[in-house]
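Chemist: Sequence:
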Amino acid sequence: MPGKYKIDTHCVVEYDDQVSTKPHILPIYATSSFEMEGMDEAAEIFKGKNPGHVYGRYGNPTIDTTAKKIADLEGFGLGISAYAFMTSSGMSAISVLVQSILKSGSVIITQEDLYGGTTELFKTVFSQFNITTSQIDLNNHELLEQLLKKDAIPKVVYIETPSNPVCTCIDIEKVVTLCKKYDVMTIVDNTFCTPMIQQPFGLGADFIIHSTTKYLNGHGNSIAGVIVGHNRKLQGKYW
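Residue numbers (our numbering): 1 to 239.
Read the hints as simulated data drawn from the structure, not as lab findings.
Among the hints, a few may not be true.
DSS-like, lysine-lysine: derived pairs with alpha carbons at most 27 Å apart [stated by the list, open to error]:
#: 1; residue 1: Lys181; residue 2: Lys103
#: 2; residue 1: Lys174; residue 2: Lys123
#: 3; residue 1: Lys103; residue 2: Lys149
#: 4; residue 1: Lys103; residue 2: Lys123
#: 5; residue 1: Lys49; residue 2: Lys69
#: 6; residue 1: Lys150; residue 2: Lys180
#: 7; residue 1: Lys68; residue 2: Lys47
#: 8; residue 1: Lys181; residue 2: Lys214
#: 9; residue 1: Lys180; residue 2: Lys103
#: 10; residue 1: Lys22; residue 2: Lys6
#: 11; residue 1: Lys181; residue 2: Lys68
#: 12; residue 1: Lys22; residue 2: Lys68
#: 13; residue 1: Lys149; residue 2: Lys181
#: 14; residue 1: Lys237; residue 2: Lys149
#: 15; residue 1: Lys69; residue 2: Lys103
Work out the full structure, taking the sequences as your base and the hints as a guide.
Modeler: Quick look at the structure:
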């Protein structure tokens, strides 16, 4: 390298990776993009036929490993193969998942004491796209069933338990049982409990979301969200 460039070029040129041993701890990948051996390899990765990374917005080894660990925790001991997708925040996880499932004219059924940010997303932002939100007592199962069978409009039931910040608890299993009766998908915000205390997949939930900013991180030094699923058919449809 010395003699090849002038000193100002040395300041900006990228040096080759000097890796000689494998790291003990997975490193943080701060790169925006990834090199490939040639056009053939790039084409296979871009088409999703071969594993690999193309751009940091879609993921990198650090993000993928974090997602896999969270998925493994949510599916631990349940005999299922869960998968996960990281997002930039808990709110973005909710937004991405709900918009993937619903369309204009759809209905979100959720609880009354919902996290303020989620309430604003559902009632202020989604309402602009003709997605309406019904907030009820989800532990009132008769009322819930009335809404579930009301018409053929696509719906999703969104459960946050314990709720933030008042810690109201919802009977996930009973709500899920009713939803399955009417072929309505359920999303559980498991942020407060984490899979160490509560595993919604074991109670029949279709999807789980977390604001990993809170208890999964535990240190207040990062913001992220995650969507977790276990049905591979749904993965192909919504991913």
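Chemist: Next, verify each hint and record whether it holds.
Modeler: Consistency of the hints with the structure:
no. : hint            : verdict
1   : Lys181 x Lys103 : holds (21 Å)
2   : Lys174 x Lys123 : holds (25 Å)
3   : Lys103 x Lys149 : holds (19 Å)
4   : Lys103 x Lys123 : holds (15 Å)
5   : Lys49 x Lys69   : holds (23 Å)
6   : Lys150 x Lys180 : holds (15 Å)
7   : Lys68 x Lys47   : holds (22 Å)
8   : Lys181 x Lys214 : violated (33 Å)
9   : Lys180 x Lys103 : holds (20 Å)
10  : Lys22 x Lys6    : violated (33 Å)
11  : Lys181 x Lys68  : violated (31 Å)
12  : Lys22 x Lys68   : holds (20 Å)
13  : Lys149 x Lys181 : holds (9 Å)
14  : Lys237 x Lys149 : holds (24 Å)
15  : Lys69 x Lys103  : violated (31 Å)
Hint compliance for this structure: hints 8, 10, 11, 15 are not met, and every other hint is.
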